[in-house]
Amino acid sequence: MTSMTTTPNTVLHASGVTMRFGGLTAVRNVDLTVNSGEIIGLIGPNGAGKTTFFNCLTGLYVPTEGKVTYKGTVLPPKPHLVTQAGVARTFQNIRLFPNMTVLENVLVGRHTRTKEGLWSALLRLPGFKKAENASRERAMELLEFTGLADKADHLSRNLPYGEQRKLEIARALASEPGLLLLDEPTAGMNPQETRAAEELIFAIRDQGIAVLVIEHDMRFIMNLCDRVSVLVQGEKLVEGTPDIVQADERVIAAYLGTPFEGAPGDEELAEVEAAETAQSTTSTEGDTQ
Amino acid sequence: MTTNTTHRDSGTPLIPLPTSLARHTVTAGAAIALIGTFMAWTWTSDFPGDLTVDGYPGGLQLLTLTAAALTLLFALSAYGVQGLRWLTPAGTNAPLRLLALATFGTTGYTLGAISDELGGIVNLEPGAYVSGIGALIALIAAFALPGDTPGTDTTGDNPWRRIRHTLAAPSARPAQPIPDWAGILVIVAAFAIGLYVFAYGIDTAYTELFIGFLITAGFTFAALTQAGLLTRLSALTAQHRTVTLSAAFVAAICFPFTQSSDEYALIGANILIFATVALGLNVVVGLAGLLDLGYVAFLGVGAYAAALVSGASTSSLGVHFPFWAAILVGAGASLVFGVLIGAPTLRLRGDYLAIVTLGFGEIFRITMNNLNGNSGPNVTNGSRGIPAIPDITIFGWDLGISHDIAGFTLGKPGNYYLLMLVITLVVVTVFRRSADSRIGRAWVAIREDETAATAMGINGFRVKLIAFALGATLAGLAGTVQGHLTSTVTPEQYQFAGSVPPNSAFLLAAVILGGMGTMSGPLIGAALLYLIPAKLQFMQDYQLLLFGVALIVLMRLRPEGIIADRRKKLEFHETGQLDTPETSLTDTPVGVTKAGA
Ligand SMILES: Nc1ncnc2c1ncn2[C@@H]1O[C@H](COP(=O)(O)OP(=O)(O)OP(=O)(O)O)[C@@H](O)[C@H]1O
Ligand SMILES: [Mg+2]
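If you read the protein sequences in the order shown, they are chains A and B.
To convert, note that position 94 of the first sequence is 679 in our numbering; the numbers rise steadily by one, no gaps.
To convert, note that position 397 of the second sequence is 1032 in our numbering; the numbers rise steadily by one, no gaps.
Some hints could be false.
Simulated DEER-style distance windows between Cβ atoms [what the hints assert, rightly or not]:
#, chain 1, residue 1, chain 2, residue 2, range
1, A, A772, B, R1097, 46 to 56 Å
2, A, M725, B, R1097, 21 to 31 Å
3, B, G967, A, G607, 43 to 53 Å
4, B, A870, A, P711, 45 to 55 Å
No wet-lab data here; the hints were simulated from the structure.
Given the structure is predicted, the values throughout are model-derived calculations rather than measurements.
Glycine is no exception: its CB is placed at the ideal position from the N, C-alpha and C atoms.
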């Protein structure tokens, strides 16, 4: 049925995913492939259906039509089984466990990779301590990796915004995923934090985890991604390398709402970019002082 | 003059008076109140406790004496007396105010009670006036002391909020490390005091003494909290977990041996049953966040199951299982019911569960009523219940008769108390171990955010069912002992709300009052909720009303319950208040105002 190629390299393959809410079709017949070692961007104007698409992939919504496979096996539409299979995610509106500590949040992420049941906990069977310690060790490694190690004992709700986003990533990584879905990981971050997030995502990719990321920050997306997919009103408009997508007139039209011709827009873009660069340099200086 | 400006900067006191003068006055007032307790307060011994004796205090005077002595002690600590500074690591003036309230409350209540019962204030002897006026002076002066938490911006003009503000204290200053043996000694002493206070409360022989006890203990507890001593203690107990648990256990074992009468030992045993069931409920409500309004039914299932196999002549089964088997049957039956009720309902989210469990609780009671031979097969004798359940015999040790142990006589309630204590220990262990494990974290995660929890790979239904079934099993376990202790099980013992705890409403209240998700919270909450109605018989008719009012007041004043969850404590700890300088603010603000002027 699908015309898309699935190579042994394919991590995630979604085909014909459609999601209807009553009369509204939030996602319409979307195909997407993520190969191992790739960072794929998913962009689109507000309300385009990006988050809904994520929810379809991770089993939070049962798609009306279409199917999703992970490394060749069909993903059941149950969130915990999707995570078990190896797809982890973060949320657009941060959804940590606010009254648990930072470390405990990450430990919850280890749930699918540990086995100790109630009996083991109650009787403190021999394996219990070992497994618990191993989990803690792994969780601390992840906190080191995301730069949160010194906040391990803080309540997650007391973390500043940027660190909450990082913690969500650490928690997702704790489930040892093969594919990480990030829903607007830099929303609300300042330029430095955004750059740090970029580094973090590259580092995650280097660990052999494929990444699918939704983001509105174009510069971030264009720096980061191997391929970018554009969703508009639930449908996939274009997919390709950042250069191709950036140059596509339909994409620009979708974002700005009007068809437009060449020069003035480019100039404006350059101006804005220059201003932004200036701003970020000053703020860096301000910080070092 | 300067002190006045100080006041404005560090929480305006409600009464304008120079700080040092106020402090002297508190000290003097407390001393006067203390001296007054050594004099007669009334002329006749008609008032219980015999307050007619000059020379040594008795009855309610002892409570005033205790409160006044503590006030004095904390006043001296506020002076900065060497060797007493450790009393006030957090607030200094707020605890003083609370202790002055304790002194005044107890004394005032006693004087009121004497006048009321004997017919007029003419019945008061000079000693009563001495203590009363001393306590009043101390109270007024205590409210002239500046607040412990700086800043008035949050207080505004609302007098209620201003009072709240003057009673609040900052976090405790960092503790000096003390050697292990000293820490252990402190813990042991704290538990010895705790046992003494608890036993004193149970043993109060007349209503007036119990009310006075509640007033003194309540304000003193608040004062110790604000002084930061309880924070210190809980830090110590966290450091020496095993010692703490052993100390608590030993203190609990000692309790029946301190009781000369069966009546009070019975109260102790009932408190333990109530507390154990509340702790079981805390797994379901506090950890997993599942609102179970019919929890007492699981206690009933356990009690009925054990009664049916107990060999009682009225049991329709007519079998007599040994106790260990009865326990398994009781807990097993509750487990089965827990799974049966939980499996279809736990797939739902939110309030549906509360409604279904509420329904189940009622269905259980009505079914037990109807299985009487008329409206159904005769299994439970209907509303007559299963009477004459024989006493438990463990290793030839009959719990129904008195035994002499090391010179102490332990009656039937004492025996059951000790058996129940073993069950409590089991439940405490289960609670601790399950909470601190992968499954416990999954429960809390589900409670915090179910969507995020499932997205982290937690099978919500499965994990919730485990919590629900475990909670049911623990209740069933307690039920087996409860059935034998009361020797009769009737459907009316297990209802949603009634005047006798444990019932579902009281169990839930014990969890919320004590502190959700904590281990000691429900134990303390249950003890209070059992003791207060048991001791204050006169308010039986208004019990549910007063209970509701008390719950509302408590939720307004201390929403986290008596014992704050470790997580909530952490939240407090992280507000940065730790770094605020301790209350030697008296100098700095003056300088500031001067500079500003
Ligand atoms: N559970 C739901 N029921 C009904 N409509 C929904 C539901 N979830 C999403 N929608 C609708 O689907 C459309 C797509 O929403 P979605 O959140 O996926 O957009 P998005 O691309 O993530 O936007 P943004 O960039 O603002 O996050 C919106 O019109 C939204 O109102
Ligand atoms: Mg979105």
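Violations among the numbered hints: The structure breaks hints 1, 4; every other hint is satisfied.
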